[in-house]
Each structure stands twice: as C-alpha cells, then as structure tokens.
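Construct all of the structure, not just a fragment, from the sequences and the given hints.
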Amino acid sequence: NAGVMQNPRHLVRRRGQEARLRCSPMKGHSHVYWYRQLPEEGLKFMVYLQKENIIDESGMPKERFSAEFPKEGPSILRIQQVVRGDSAAYFCASSPPAGTRDTPNEQFFGPGTRLTVL
Amino acid sequence: KNEVEQSPQNLTAQEGEFITINCSYSVGISALHWLQQHPGGGIVSLFMLSSGKKKHGRLIATINIQEKHSSLHITASHPRDSAVYICAAYFSGGSNYKLTFGKGTLLTVNP
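Top to bottom, those sequences are chains S and L. Per my numbering, the first sequence starts with residue 771, numbered consecutively. Per my numbering, the second sequence starts with residue 7, numbered consecutively.
Check the hints yourself; a few may be wrong.
To give an idea of the chain S side of the interface with chain L (calculated C-beta under 7 Å), a few residues [said to hold, decoys possible]: (1) L813; (2) F815; (3) E876; (4) F879.
DSSO-like, lysine-lysine: derived pairs with alpha carbons at most 30 Å apart [claimed, not checked]: (5) S:K841 / L:K7; (6) L:K109 / S:K814; (7) S:K841 / S:K814; (8) S:K797 / L:K60; (9) S:K832 / L:K60; (10) L:K59 / S:K814; (11) S:K832 / L:K59.
Estimated spans, in silico, between C-beta atoms of each pair [as the list claims (entries may be wrong)]: (12) L:S51 / S:I825: 46 to 54 Å; (13) S:G855 / L:E23: 34 to 42 Å; (14) S:M796 / L:I71: 36 to 44 Å; (15) S:Q850 / L:H79: 43 to 51 Å; (16) L:R86 / S:L808: 26 to 34 Å; (17) L:R86 / S:N823: 38 to 46 Å; (18) S:E811 / L:T26: 21 to 29 Å; (19) L:Q20 / S:Q820: 28 to 36 Å; (20) S:Q820 / L:E9: 23 to 31 Å.
Calculated from the structure, these hints are not laboratory results. Idealized CB from N, CA, C, for every residue including glycine.
Right, here's the structure in full:
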C-alpha cells in the first residue's frame, strides 16, 4: 500500500517559468491538502481539495498559484511565472473523507517537492 | 488567534538520554499531530491524539486538554532520532482539516 507520492522530488526553474508539482494520494484517500515550507519558517496551509472540487484555498497566494484535483490522475499545484520567493518545499498530504468537526481524520504526508527558482 | 508554540527550539542530547519536547496552543483544539522531518526529507506522522497518551516503540505522546499542552517523549534516544519534530493542531473553532503548525524542535542526538 503505497504512501502519498509526490513528483518531482526536486525541481529547478528560472524566474518567469512555470512549475507543476504533482501529488498522488494514498489509495482510498479522496482528500488532498497542500502545504508550503519556506526556508527557516514553519509549514503553512495552502489549499484543500476533494476530487474535482476546491474546498478551501484560503492559504493560496492570490496570484500565479492554482491547484486542481481532477477526477482521474494526481492533484496538481501550479505556479506560473515563478519568482525567487517561491523557492520552498511543497508538501502534499491526503486523508480519507474528513471526519466530524470534533474528530478530524489523520493526514498522511508525502516526501515533498523542493522547488528552487534561479 | 490560533497559535502553536514549541519548546525548546533546539535540543542536543547524548545517546541513551530521555528526551521531552513540549507543545502549547492558544485555544481549544480537536486533535493534535506530532510529526517528524529529517533534514531535506519528507514528513512522517508519528501520532495524532485528542486526549490521554499514545505510545509507539520508544516514542510517547501525551496531551492535557485543560492545560492546552502536549509533550513528545523519546526514551533511550539514538542518533537516528535526530530530526525536526513538529507539533500541529486542529483548532476547535475552525475547520476539521486545517492544521496550524509549530516552528519545530531540532533534535540532535550525539553518539
């Protein structure tokens, strides 16, 4: 039973290029979460998706960032026209359908994609 | 404001020592994760707990809801335990999916 998979593990882009980060959730998980870890900072929530739906994107920068989780295939975090400040580790997590407000479901994390913008 | 504080920020120990890492949070939570991250590595969920105590091997996590405090203990520490340990909480007043993270505790265990 494979865990959460992310690819690529390392991605180098020049300023102005696009970055596409992929996340395949654990088998049986239909919920995906993206987090960003900036150098010397803690992890921050970006977006929560279910299949074909964005549930909460309150942590996403307003411009250049988008996320999707299509019916088939992995979830994609897309960063257009990357800038040096986008250099970070991006982690994806997955869970079964969320529990109740009082009993959230455990999230399982992927290995991360380390994005470097030159 | 929903906040998670960890202490200490850095911890150095000798192999075999008993380790305690602390986590406190500002308001009520529904559950809390303890996570492990090796340098340049991925994130592994060690525990998720909402009350009491959980044990897995040499790791023990406890939580005191009234005091808004959780601890992660490592018994008989080993150099392979060297990593960043991160506490993350689901705050009760918010969603049941959005995690708020502490800044982590860097543990170094010397042989």
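Hints not upheld, ascending by number: 5, 9, 11, 12, 14, 19
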